[in-house]
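Q: Protein chains in written order, with the numbering used here: chain L, 5 to 357; chain V, 688 to 767; chain H, 4 to 247.
Think of the hints as simulated: they come from the structure by calculation, not from any bench. Remember, it's a predicted structure, so these values are computed and weren't measured experimentally. Any given hint might turn out to be false.
[To be verified] As a list, the in silico SDA-like pairs of lysine to any residue whose alpha-carbon atoms are at most 25 Å apart: (1) H/K229 <-> H/T203; (2) L/K150 <-> H/A5; (3) L/K85 <-> H/R43; (4) L/K283 <-> V/D733; (5) L/K118 <-> H/N38; (6) L/K283 <-> V/D690; (7) H/K194 <-> H/S180; (8) H/K225 <-> H/T203; (9) L/K150 <-> L/L94; (10) H/K46 <-> L/I101; (11) H/K46 <-> L/R82; (12) H/K229 <-> H/D215; (13) L/K115 <-> V/I737; (14) L/K283 <-> L/A244; (15) H/K194 <-> H/V226; (16) L/K150 <-> L/I304; (17) H/K46 <-> L/I68; (18) L/K118 <-> H/G12; (19) L/K150 <-> H/G12; (20) L/K115 <-> V/L744; (21) H/K46 <-> H/A30; (22) L/K283 <-> L/G111; (23) L/K283 <-> V/M707; (24) L/K115 <-> H/A154; (25) L/K115 <-> L/T100; (26) H/K44 <-> L/I304; (27) L/K115 <-> V/A703.
[To be verified] Here are some, though not all, of the chain V residues that point toward chain H, as calculated from beta-carbon distances under 10 Å: (28) V695; (29) A758; (30) F765.
[What the hints assert, rightly or not] So the derived label-pair ranges between C-beta atoms look like this: (31) L/P141 <-> H/L15: 30 to 36 Å; (32) L/G316 <-> V/I762: 29 to 35 Å; (33) L/A23 <-> V/I737: 45 to 51 Å; (34) L/Y30 <-> V/S722: 16 to 22 Å; (35) H/L15 <-> V/N689: 44 to 50 Å; (36) L/I304 <-> V/N689: 44 to 50 Å; (37) L/P52 <-> V/M728: 43 to 49 Å; (38) V/K699 <-> L/I304: 39 to 45 Å; (39) V/N689 <-> L/A23: 48 to 54 Å.
Built from N, CA and C at the ideal position, the CB exists for glycine as well.
Chain by chain, the residues run as shown.
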Amino acid sequence: MSEQTKKWRYGVKRWIVLALFIVGGYAAFGRNTMLRPISPVVVLPAEPISPNSPITNTMLATLIADVVLLLFAFGAYRFHKQGNLVPNGLYNFFETIIEFLWNTVEGATGKWAKRIFPVVATIFLLIFFANVIKLFPGFESIGWMKEAHKAPAYAPVKLFDLGGLPVYTIDKGRPVEVEAHGEEATAAAGAESEHGEAKTEPCHACEVVPFLRGSATDLNFTIALAIIAVVMTQVYGVWALGPSYFSKFFQFGALVNGGIFGLINFGVGFLELILEFAKILSFSFRLFGNIFAGTLLLSIVGALLPIVIPPGLYLFEIFFGIIQAYVFFLLATMFISMALVSHHGDGHGEEHH
Amino acid sequence: MNDPVAFVAGLKLLGAGLAMLGAIGAGVGVGIAASGGVQAMGRNPDAANIIQTNMILGMAFAEAVAIYALAVALIIIFAA
Amino acid sequence: MAALGINLGFLLFQVFNFVIVLILLYAWAYQPIVNGLENRKKKIAQSLEDARIAAEARANAEEEARAILTKAQAEATEKIREATVRAEAAAADVKRQAEVEAAKLREQAIADAEVDRERILSEVRGQIAALSIAATQKLIGDALDEKRQRALIDEFFSGVKAGKVTLLEESDVHGASAEITSALPLTDQEKETVRQQITTKIGAQTVAFRVDPNILGGLVVKVGDKVLDGSVAGRLENLRQSLS
Chain L
5 MSEQTKKWRY GVKRWIVLAL FIVGGYAAFG RNTMLRPISP VVVLPAEPIS PNSPITNTML
65 ATLIADVVLL LFAFGAYRFH KQGNLVPNGL YNFFETIIEF LWNTVEGATG KWAKRIFPVV
125 ATIFLLIFFA NVIKLFPGFE SIGWMKEAHK APAYAPVKLF DLGGLPVYTI DKGRPVEVEA
185 HGEEATAAAG AESEHGEAKT EPCHACEVVP FLRGSATDLN FTIALAIIAV VMTQVYGVWA
245 LGPSYFSKFF QFGALVNGGI FGLINFGVGF LELILEFAKI LSFSFRLFGN IFAGTLLLSI
305 VGALLPIVIP PGLYLFEIFF GIIQAYVFFL LATMFISMAL VSHHGDGHGE EHH
Chain V
688 MNDPVAFVAG LKLLGAGLAM LGAIGAGVGV GIAASGGVQA MGRNPDAANI IQTNMILGMA
748 FAEAVAIYAL AVALIIIFAA
Chain H
4 MAALGINLGF LLFQVFNFVI VLILLYAWAY QPIVNGLENR KKKIAQSLED ARIAAEARAN
64 AEEEARAILT KAQAEATEKI REATVRAEAA AADVKRQAEV EAAKLREQAI ADAEVDRERI
124 LSEVRGQIAA LSIAATQKLI GDALDEKRQR ALIDEFFSGV KAGKVTLLEE SDVHGASAEI
184 TSALPLTDQE KETVRQQITT KIGAQTVAFR VDPNILGGLV VKVGDKVLDG SVAGRLENLR
244 QSLS
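Please take these sequences and the hints and turn them into a complete structure.
A: Rendered as structure tokens:
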């Protein structure tokens, strides 16, 4: 009986997928030009969520990721307060992630794991949730309309009123020439506006500024995490080794009694110092580059061939979001565990497992 | 040639694209790291965990080169 | 920097955001979950330990059971052996008893036969006496005093003359025990006489009486390894030897 039901469901799912392909094909190549996908706007800095707002769309996305993450954490907390040893459902998933991270950190740093774990695990969870949340529909497509300064821009079309607020989309079939001379730009797909109350039309030639944009497509987010990781590496190094931690950067001892090799070692120490700053760069640009490139890839491929391919790319993006979070976490853990042991490997080496 | 602004903009894009050539080395390096990691795991599946960790570390360092190239390209396009 | 979107205010916002999330996660997730993990690990270790102890106990119990079984088997074997031995002993006992019984019965039978014979011979003795008296009367033709005649015959049979055992008058053997053989059973009175005589003359403490018709008459007294032959058969033999 259950076997039959399963087969029946499978059949229905197949038809739903096929129907979605057909709808996608109609939207992309059909006569209704409003639904036609367009090439994305490549904007590096985060944009404000409304004109002259101090809050940017990446900040808002980060806050949403925070809220979801904290909901999970609070659920797990309540679950543990009940004294249950075996969790269920989504909390089990959350716990599995934390257990995996804990095992990795414990394997890398041993008895320091309890002090290091909160920082690196928060890095992982924040990046992980930000990257996964960013893939939900609505991100980078719903926003307010702005007068475009670059070509080509599109004319606005009123769709319907949402509780007194008129909702617009841009008509992709009607490119509008921008008055100001433009270099190159486009507007995102399927836009709404809450801006049209005073004027009948928000803009003449419009582009969409989304309310939500993936946190990791903003360099502020990635650089903040990178700075935290690198600074915490130094903090843990000093915590474990005391002031002698800095001797690995300034090897005056080697310079005084090391001869020519002492000079080389002194130079290497300076290189290490530069490497610490390079870490910030590589941490932040690795995450930013991967996620920003993923977003661009999704929207460009979505504009070129909106059917069949994007679902696979979405799966790919989920995978990359997790991998990048894991790489950031793993590198931070490794750097910290390297900072915990003495540079000369005398005496403190045993702490490292 | 008649519009120096457009010429400079075009050269910027060209320079950014050339900067991204650095990604070639990173790609080769990541591929070699993955190949070596998978071979090592095939030879010694018991050590898969530690090999995987080190492989990802090595890949991250190799990728760092591509990231520097990306940073340079972005700076050329947007900041220079 | 501004072209790349890097802004100190946004950067600080992200840092603060991270710190707040870190603190909340530490309170809500890391501490309870990591402690829970450790508790779970401990519990699993405890369970494994318990299972190990239980397995050990079971192994011990099995060992004990095997020991008990072995012991029981040994005991059973021992019991069977004991029972066999006892049965054999009982069988031997029964056999021995039966043998003893049989021997007793045989002895009884022999004794009974003896008694019977003696009784028959005693009965015969009177008849013989009467017959011999009659024959003598026929032969001699003169009737002797019947009383005297009877005494003679008694003497002939018992070897006892006028209250004395003639045989013992002329001998001087001594012994602890004596066996008296007569041709016909002696009367009680004669037996008493003979025993008295033997006791006084020989000093024998025990006197046994036997009946053997082959000696024809008189008495044969056997003391230790000495034989006093006062029998008619013995005298006839002596006569025969001296005649030839």
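Q: Hint by hint, which ones does the structure fall short of?
A: 4, 6, 9, 17, 18, 24, 26, 27, 28, 34, 36, 38
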